[in-house]
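Construct all of the structure, not just a fragment, from the sequences and the given hints.
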Amino acid sequence: MTAETLTLGRAVGRALSDALDADPAVVLIGEDIGRLGGVFRVTDGLQARFGADRVIDSPLAESGIIGAAVGMAYRGARPVVEIQFDGFVLPALDQIIAQVARIRFRTRGRVRMPLTIRLPYGGGIGSVEHHGESPEAYFAHTPGLRVVTAADPQEAYSTLRAAIASDDPVLFLEPKARYWTKGEVDVAIARDLESARLLTRGRDVTLAVYGPLVQTALEAATAALDEGIEIEVVDLRSISPLDVDAVVASVERTGRLVVAHEAPAEASVASELITSVVERAFAALEAPPERVTGYDTPYPPSAIESHYLPGLDRVLDAVDRTLGRRSSHELLEGSAR
Amino acid sequence: MSISLPVPRSELIEGLDAPLGVLDPEGSRRASPLLDESLGDVDESVLTDLYVDMSVVRRVDEEAFALTRQGALVLWPPLRGQEAAQVGALRALRDEDFVFPSYREHALAVLRGADLADVLAVWKGAALSGWDPFAQRLAPSQIIIGAQTLHATGYAMAARRDGGDDIALACFGDGATSEGDVNEAMVFAASFRAPVVFLCQNNQYAISEPVGVQSRTPLALRATGFGIPALRVDGNDVLAVLAAVRIAAERARTGGGPTFVEAVTYRMGPHTTTDDPGRYRDDAEVAAWHAKDPIDRLERHLARIGAPVDRIREEAAIRCDAIAAQVRAAADRIAAPAPESMFDHVYVEPTRRLERQRAQHRAFTASVEGLR
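Top to bottom, those sequences are chains A and B.
According to our numbering, the stretch in the first sequence is residues 1310 to 1646, in order.
According to our numbering, the stretch in the second sequence is residues 102 to 473, in order.
Each hint should be verified, as a subset may be incorrect.
[Unchecked claim] Just a few of them, taken from the derived set where beta-carbon distance is under 10 angstroms, the chain B residues facing chain A:
1. Leu229
2. His252
3. Met258
4. Ala259
5. Val297
6. Pro438
Since the hints were derived computationally from the structure, they do not count as laboratory data.
Beta carbons are placed, not taken as given, at the ideal position from N, Cα and C, and that holds for glycine.
Next comes the structure, spelled out in structure tokens:
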């Protein structure tokens, strides 16, 4: 199988197209996904090819979209739902949390709920309110739901195919700032929905990231190498469940951990991952783990979002702290943290 | 998709001024050109079946209510007064039609043949759902108000896409009509001409709030705003409900899309066994509805047509006594599930994280037992 070069957005579209081809039970439903091809054009051409009863332009009602998809699944469909933007998923929380995520549990496995919910997320696109959110922690806190993301076109293709094939409900978070990132995609490559991957090897610091921050982490690793610091970049890929084993294995090599994501810090994926690593590998830690996250504020106006989002310098600043090197925290009065 | 209302809005609703019915409270039969067309097969034997079914359902309800008072169940939302709405609606469906109930539709589970222990397990706190949804063609009871109406609509959308002639029935109450999900369900159903019947049992109260808190118009009128035809019927008249749901089901089956059936009825009992309706409604109101009791009404009708009422009542009593004993036995045999079963069925395959927690729970339990 030869690989082709696609943007991440196109890779998502290719995964949807291949899934529609592979399984007549697959149905797409969402706002503007038909004739328009979605506001990001991810579903471009799919309605023309597969018909309006398999690529469904839905009414503008997010709870309705998820609830209708639940009913379709009861009748044997394998729905793939698009929620247009991260900030628009909130009206659907009851259907996702109280219905989708627990119908299997409620019915002792009799009703499967093989929904995939696609959700463009993350900031950095210079937009308006509710278009730059990172709501993953709400969903990671929900038993019964798998929460995954992807950092590059190959990951996006393979992860989405796995999500659609899964009989568990999966929230697939698409890093919208990376939709236009290009990369090789080999459609024969399969992946699972719960393992992290190690992107760089290094002896000094483990840097755990996912989605939009994977690229930032790789840049941080390159920059740090100039100063002789070796960073192991772990792409978590699965936010729930977290591949704690992979991070623990890395921390046992490096003794230091930095976790970065765009979402706020409080009760976050970083909080959960660091807690899990401390529980399992306390003795291996040579420094307190660090979080680099969005601040605990609502997402700010995009004109200042670069100050909110964890960028290269904030990540390197945290890496320095774990190594006992000078960092911005020394500027804090009394070093109180 | 262009916009056009199939008929003028005023013609979308029947029964707006007074709910349609064919049996008055004294049991006399009156004509209804619309409903009578769907009641051609109703003879003494059908009437007897409906009478027995309603009696059996009422007895199950009474027994479960009593068991809850005795502490054998943890909670029970009684259906008393709504037997005609539920029995009539179910009778109008085919076995393959899929029903999405709320939590008060015990009649549907009982008459679809669910194991009584499965019906009661939820109300003993032993399970989160009972029967096999695919065996009974009945989704689990739904506690989140109105959420199931979207499931019914999606099911119907899929049925239409697959070219089937099966339909979905969405059951909900007057309170649910204020929920966003119910309104969204009507939007989806109308836009996609989904073969779904919206059965609103307007039992006048959402716990303590009278229906006027939910709506200043008859509930059925709301459906017409979505372009959904509506039938407003006397919900204590089992034949009226049977006919209305038959009309709605036939429309759905033949590509006519959704119909809203408002069954105007009354919740004779409390919201649940923990409720105290004396705080929000007076005895005169309850007495007035008591005079419209759906089972008494059908019994009077059977007498009027010369049916052997004594024999029918006796037959019903035998069936009721039998099922009452079954209800008590079923409640008794429902056991709490094994504690470790809470780790099952969260995902298709347990995650490593859950396996670890299961092992921790097992080890902890063993260590505590070791101390005893």
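Hints, one by one, checked against the model:
1. Leu229: With a closest approach of 4 angstroms, the Leu229 of chain B hint holds.
2. His252: With a minimum Cβ separation of about 4 angstroms from chain A (threshold 10 angstroms), the hint on His252 of chain B holds.
3. Met258: holds, 6 angstroms
4. Ala259: holds, 4 angstroms
5. Val297: holds, 9 angstroms
6. Pro438: holds, 9 angstroms
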